[in-house]
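Could you put the whole structure together from the sequences, leaning on the hints where they help?
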Amino acid sequence: MATILVHVMPKPEILDPQGKAVGAAMARLGYEGIAEVRQGKRFEITVDGEVTDELLEKIREAAVTLLSNPVIEDVVQVKVVGQGCGCGGHGHGEHAHAGHGHKDLLK
Amino acid sequence: MTARIGVVTFPGSLDDRDAARAVKLAGAEAVSLWHADASLHDVDAVVLPGGFSYGDYLRAGAIARFAPIMDKIVDAAKGGMPVLGICNGFQILTEVHLLPGSMIKNDHRAFVCRDQTLRVENAETAWTSEYRQGEEIVVPLKNQDGQYVADERTLDELEAEGRVVFRYVGWNPNGSRRDIAGICNAQGNVVGLMPHPEHAVEVGFGPDSREKGRAGTDGLAFFTSAIKNLVSA
Numbered sequence: 098m099a100t101i102l103v104h105v106m107p108k109p110e111i112l113d114p115q116g117k118a119v120g121a122a123m124a125r126l127g128y129e130g131i132a133e134v135r136q137g138k139r140f141e142i143t144v145d146g147e148v149t150d151e152l153l154e155k156i157r158e159a160a161v162t163l164l165s166n167p168v169i170e171d172v173v174q175v176k177v178v179g180q181g182c183g184c185g186g187h188g189h190g191e192h193a194h195a196g197h198g199h200k201d202l203l204k
Numbered sequence: 041m042t043a044r045i046g047v048v049t050f051p052g053s054l055d056d057r058d059a060a061r062a063v064k065l066a067g068a069e070a071v072s073l074w075h076a077d078a079s080l081h082d083v084d085a086v087v088l089p090g091g092f093s094y095g096d097y098l099r100a101g102a103i104a105r106f107a108p109i110m111d112k113i114v115d116a117a118k119g120g121m122p123v124l125g126i127c128n129g130f131q132i133l134t135e136v137h138l139l140p141g142s143m144i145k146n147d148h149r150a151f152v153c154r155d156q157t158l159r160v161e162n163a164e165t166a167w168t169s170e171y172r173q174g175e176e177i178v179v180p181l182k183n184q185d186g187q188y189v190a191d192e193r194t195l196d197e198l199e200a201e202g203r204v205v206f207r208y209v210g211w212n213p214n215g216s217r218r219d220i221a222g223i224c225n226a227q228g229n230v231v232g233l234m235p236h237p238e239h240a241v242e243v244g245f246g247p248d249s250r251e252k253g254r255a256g257t258d259g260l261a262f263f264t265s266a267i268k269n270l271v272s273a
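If you're matching them up, the sequences are chains Y and R in order. Each residue of the first sequence is one higher than the last, beginning at 98 in our numbering. Each residue of the second sequence is one higher than the last, beginning at 41 in our numbering.
Because the hints were derived from the structure by calculation, they are not lab data. Take the hints with a grain of salt, since some may be wrong.
Said to hold, decoys possible - Now the stretches of chain R that chain Y is said to cover, found in silico as 3 or more residues with beta-carbon under 8 Å: (1) 77–83; (2) 88–102; (3) 259–273.
Stated by the list, open to error - Here are some chain Y residues the structure puts well away from chain R; computed CB gaps all over 12 Å: (4) 99; (5) 133; (6) 156; (7) 157.
Unchecked claim - Calculated pairs, DSSO-like style, for lysine-lysine (alpha carbon to alpha carbon, straight line, at most 30 Å): (8) R:112 x R:252; (9) Y:138 x Y:117; (10) R:182 x Y:108; (11) R:112 x Y:155; (12) R:118 x Y:155; (13) R:64 x R:182; (14) R:182 x Y:117.
Keep in mind it's a predicted model, so treat the numbers as computed, not measured. All C-beta atoms in this analysis are idealised placements derived from N, C-alpha and C, irrespective of residue type, glycine included.
Following this line, the structure appears as structure tokens:
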């Protein structure tokens, strides 16, 4: 089992009402010094077996067709996390893989 | 010959029955189409109704555009079949790239429901030929993702080619770029708009008119336009 992370954000020039609402709530709650909040979407796509280049290509395609709308959103990251890489015993979060050379596939 | 106008039902469509009723009141046969159907059942035109297909999950219209019937609708639309997208139907038409741009949350971040005045900016499309150029009409508007956005180049193209079909008058209810309420494709057979003409087709159930409460039927000409163009085609 492996997981592919796809991270989508509203384009900078597009109004982000969810982010604005969250930012306003933070100000009301007394969190100071916050200039702006923008809210995106994080997809965790778990696949059977290893992540092949072919599969990644398909996920990248899905990222710009189904998962995001290029008119209003940017795909900022497509990345493999939690790949069974033989190092054993770690959790499935991407942080456990720092330094393991997992590919950051878009940027 | 009676024109056959299909109305597609997606999971989460709300206004499919009202749209079918509008088609009937205008004098055509209303044909119910199911999103998972791969056939258009020989209809002459299609209406994509309002609602919240797939709960608006992901983005409004984003999942509905991949429904099996949408492939057929895209092919037929490219061949000239009249297609009207109302509200969620408009969102689906942008997601499936039959119309440019996209809809995001209203600028004031609230759901809006009101009788809305629109100006007919193009009375030569398949769905607006029974209006007069520049005519002002009142139909209900109800949405939360109604703010039409597109890049400046696309907006300039739409304006230059006369593809802005409706503009909001009096108040822009959602922050849409250049007060745009509805647009069409280059051929004028595909029209999408956020307001709801199918809710203004019968006295007693429409918006208030100058003469009488709930007597407005300004939306009916969408459907009579399509029927007239189909019969004369």
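Evaluation of the provided hints:
Check on the segment 77–83 of chain R: 0 of its residues sit with their Cβ under 8 Å from a Cβ of chain Y, so the three-residue criterion for coverage is violated. Interface restraint, the segment 88–102 of chain R with chain Y: holds (3 residues with C-beta to C-beta distance below 8 Å; minimum three). Counting residues of the segment 259–273 of chain R whose CB falls under 8 Å from any CB of chain Y gives 0; the rule of at least 3 is not met. With a cut of 12 Å on Cβ distances, residue 99 of chain Y stays outside the contact zone with chain R, its closest approach being about 23 Å.
With a minimum CB-CB distance of about 15 Å to chain R, residue 133 of chain Y clears the 12 Å threshold, and the non-interface call stands. With a closest Cβ-Cβ approach of about 15 Å to chain R, residue 156 of chain Y is found to remain outside the 12 Å limit, as its non-interface label requires. Every C-beta of chain R lies more than 12 Å from that of residue 157 of chain Y, the closest at about 17 Å, which supports listing it as non-interface. For a cut-off of 30 Å, the pair hint linking residue 112 of chain R to residue 252 of chain R is broken: about 42 Å separates their Cα positions.
For the proposed pair residue 138 of chain Y and residue 117 of chain Y, the alpha carbon gap of about 15 Å is at most 30 Å, so the pair holds. Taken as a hint, the residue 182 of chain R and residue 108 of chain Y pair is honoured in the structure, with Cα atoms around 26 Å apart against an allowance of 30 Å. For the hint pairing residue 112 of chain R with residue 155 of chain Y, the CA-to-CA distance comes to about 24 Å; that is within 30 Å, so the pair holds. With a CA separation close to 27 Å, the supplied pair residue 118 of chain R and residue 155 of chain Y stays within the 30 Å bound.
Only pairs whose Cα atoms come within 30 Å are accepted, and residue 64 of chain R paired with residue 182 of chain R is accepted, the gap being roughly 23 Å. In summary, the hint linking residue 182 of chain R to residue 117 of chain Y is supported, as the alpha carbons are separated by about 22 Å, within the 30 Å threshold.
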